[in-house]
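Listed here are the chains, written in short residue letters.
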Amino acid sequence: MTDYLTLSLLLFTIGAAGVLIRRNAIVVFMCIELMLNATNLAFVTFSRQHGTLDGQVAAFFVMVVAAAEVVVGLAIIVSIYRTRRTTSVDDASLLKL
Amino acid sequence: MLDYTWLLVAIPLLSGLGLLVWGKESDAFGHLIGTAASAASFVVGAGAFIQLLTRPESERSFTKPLFTWISAGPFHVEMGYTFDQLSGLFVLLITGVGTLIHIYSIGYMAGDARRRRFFAYLNIFIAAMLTLVLATDYVVLFLGWEGVGLASYLLIGFWQHKDSAAQAATKAFVLNRVGDLGMALAIMTMFAHFGTTVVSDVNLSASMASTAVATALGLFLLLAACGKSAQVPLQAWLLDAMEGPTPVSALIHAATMVTAGVYLVVRSNGVFDASQTARTAVVIVGVVTLLVGAWIGCAKDDIKKALAGSTMSQIGYMMLAAGLGPVGYAFAIFHLLTHGFFKANLFLGAGSVMHAMDDDVDMRHYGALRTALPVTFVTFAFGYLAIIGVPPFAGFWSKDRIIEAAFGQSWWAGLGALIGAGITAFYMTRLMAMTFFSQQRWLDGVHPHESPRVMTWPLIALAGLSAFGGALAIGGWITDWLAPAVGEAVEHDLPVPAWAISIVVLAVVALGVALGFRRYEAQPVDADALTDREVSFFTRAGRHELYGNAFNDAVAVRPMRHTVRTLVYVDGAGLDAFVTGFADRLGDLANSLRRQQTGFVRSYALSMVVGAFVVLLSLLAVTFA
Amino acid sequence: MNAFWILAPIMVLAALGLVLCRKAVHSALCLAVVMLGLAVLYAAQGAPFLFAVQVIVYTGAIMMLFLFVLMLVGVETADSLHETIRGQRAVSLVVTLLFGIVAIVGVAQAVTGAVSGFGNQPNVLGLAALLFGPYVLAFELTSALLITAALAAMVLAHRDRLSIRPTQAWLSQQRMRDFADTGKHPGNPPTPGVFARHNAVDTPALLPDGSPLEESISSTLIARGQGGSRTDAVRLEEDE
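Residue numbers (the numbering used here), protein chains in the order written: chain A, 1 to 97; chain B, 98 to 722; chain C, 723 to 962.
For the record, the hints were derived by calculation from the structure and aren't laboratory data. Wrong hints could be hidden among the right ones.
Each computed DMTMM-like pair below joins lysine to aspartate or glutamate, with the alpha-carbon atoms no more than 25 Å apart [to be verified]: (1) A:LYS96 x B:ASP681; (2) A:LYS96 x B:GLU547; (3) C:LYS745 x A:ASP90.
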């Protein structure tokens, strides 16, 4: 049990580090997906711990929402790329004083 | 008529204010209304005076309260008037000479577009001065005191477009204010120690009060008198006040306003009688001023400034007399009256000369005017003889008595007065010689002509008064007349008989005339004045008014300016900087906080992770603590 | 147990690879590895349905979507190693390290006691009972969300046509116009010369005078420096 949670948290941490370090928008998005997956693992683990299926239902919903989120997010990235010809997250920095 | 004495003040006041309010419509006849108001006051005043004459001696002080002005607990001031021997003489002087000057001004200010306003201000002055001399209460006196100060300011600065006039008006007002401080302190002391500010009560209480209180009161009143009468140390404004039109110089700065200080001292005889120190201070001020004024009068080429120095000196004589105590009060007032006649005469004559010489005041450009301006010359000569004290002209009678009384008091006072008489003769001869005698030094384009009748008739009237004003002393009338008001004139012990003093005075005067004549009539007068380097120390000092302005500058103006600048700096750099600095620091804080918004998603993500970490830590702490 | 200990290191390495790879496509592939590993772990933990869904939806659809977008956006766009935000890398590493340590030490130890397990409960039926039971509202809402997301993608990716749609007739007229203006060849570009011995698209066609024709080779090959040269063609001829 602890092992699974450790793995989940480890993957989550690595995903967080990736979000902070990478500049390519799509890679950042992929790191976010990694974080979501790590939480799914934790859900499933806890579901087995308690013996109820609510954790798995939660994991299922996470997947559905993640799918929707990826669709919209990638559409945004594509449209940004079309106008600005760049995928670097640092280039979208106009919301500043 | 005595019951209606309040009309004396009301008529000119209403006339003055009315002319101001009526505006341009009344420009055509405003001067006539003003003169008529002044003449009406004279009629009322003369009527009241005659009524007073008919009364027995014990009933010659008529007091009538009009209404309660201030009533604040124990402090009570009645607005009313007291018409007695002293104020009666003053009323006649003010309204009589005042009306003559009003008439003169019709001609003198004929070309001025603001003539109506001039007459309005003159009327306001008359009203204020009459309030001053008719006051029963020191607070009402103060009201009149301030009123004449205001009128003086308005009239000195009458030609507003001239910077010099505006500055002179402000200077006069400010120096007067210093004197007013003395007046205010005196009133406060009176109220604090006597509980009353009524003149007669104060005089009575002062005689019973301690010497310290009386001395303090006396010194405060002396300070007030110095301010108003241009005595040392507050004399610097009088010469600058000559920026005003000549009728103003004649009326205010020769005959009436500047004598208000003397009036104050004489009216407060009870206070001064009670304090030897205060009297001595008055004598010292008088002697110093009469010498200083005479010195300045010798060195000025401006005819009006020379006459102003003379005024300062003559008022010094009056103050000297007033400081001698009961023996001198009557002579001070007598000299005040005669001085009013001949000084107004001299000033109006000077105005007539200026009128002829295209308003040039520099005597270096005059010369040999006696044939061109005959009437002016003769009337001026009358005034000249009066002022230097040649019998039987008015000045001789009054000044002589003062010198006698001064010798009776102390050698130094008498000597100072005597020397002053000699210097007076010298500078007046200088003035006469440079203006009416000596060689012609007129500038190109100047054609002197006699003044119109409206200006020469007042001159003639005043010349007559200068000649025959001495009649007031016949049989000691004036001393007897004033005795109930100012105290009995005590006979003083003279070191030498009176007639001997008179002879010595006449001899000194003759010496002064001779010296003046020799220098300015026998020798040619330079058309251009010598530079400061080429003249002697005495002339240089006289030209610079004995460095009075420099002294005031160093003692008062510069330190005050320094203080103000420091305060402004402290206000700006300290207080303002504190407030704006506060705002600036807030701005700086906001600025530095603003840099947090970099626009970079990753920076924000980093802060989010840090936040998540903190939340995690706190959760763990809460769960396991 | 064994499944876990075999898969866990692979997954961690793949996750590190996702974060550290220079090329985006490599990162995508690493992510796919992680996802597949996770699928197996779900299966190991008694969630067969999730195992299937993970493979089909996540790895099959979402990852493919990522790869498609990478293709559209450009596979050549490699991240430069230089960090532009000052201190970002250092602070990020420190913070994530701390976070990781605290999380693992604190949270992972939170679970105590025996594992209940599911017993003989059928997985899919149990999930269905929950989904259409207590969680039916969430279920309906997420379906609405999916529809909205699909619409959103269409709206966001839509490009308005800014110029006219060129018809065949217009295109051929434009070709004639270009030929008139600049002398550009109006016909098809020539095909690469393919000889009997060299079945290659990088061999240029020869003009009648024997000189090679640059336009006959794809510009992509030329850009890569892989276009053939005349010397080759002459050599070939000589060889014959």
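Quick rundown of the hints versus the structure:
Between the alpha carbons of LYS96 (chain A) and ASP681 (chain B) the distance comes to roughly 22 Å, so the proposed pair stays at or under 25 Å and holds. For the hint linking LYS96 (chain A) to GLU547 (chain B), the alpha-carbon distance of about 89 Å lies beyond 25 Å, and the restraint is violated. Straight-line distance between C-alpha atoms of LYS745 (chain C) and ASP90 (chain A) comes to about 18 Å, which keeps the hinted pair within the 25 Å bound.
In this structure, only the earlier hint numbered 2 is contradicted, and the remaining ones agree with it.
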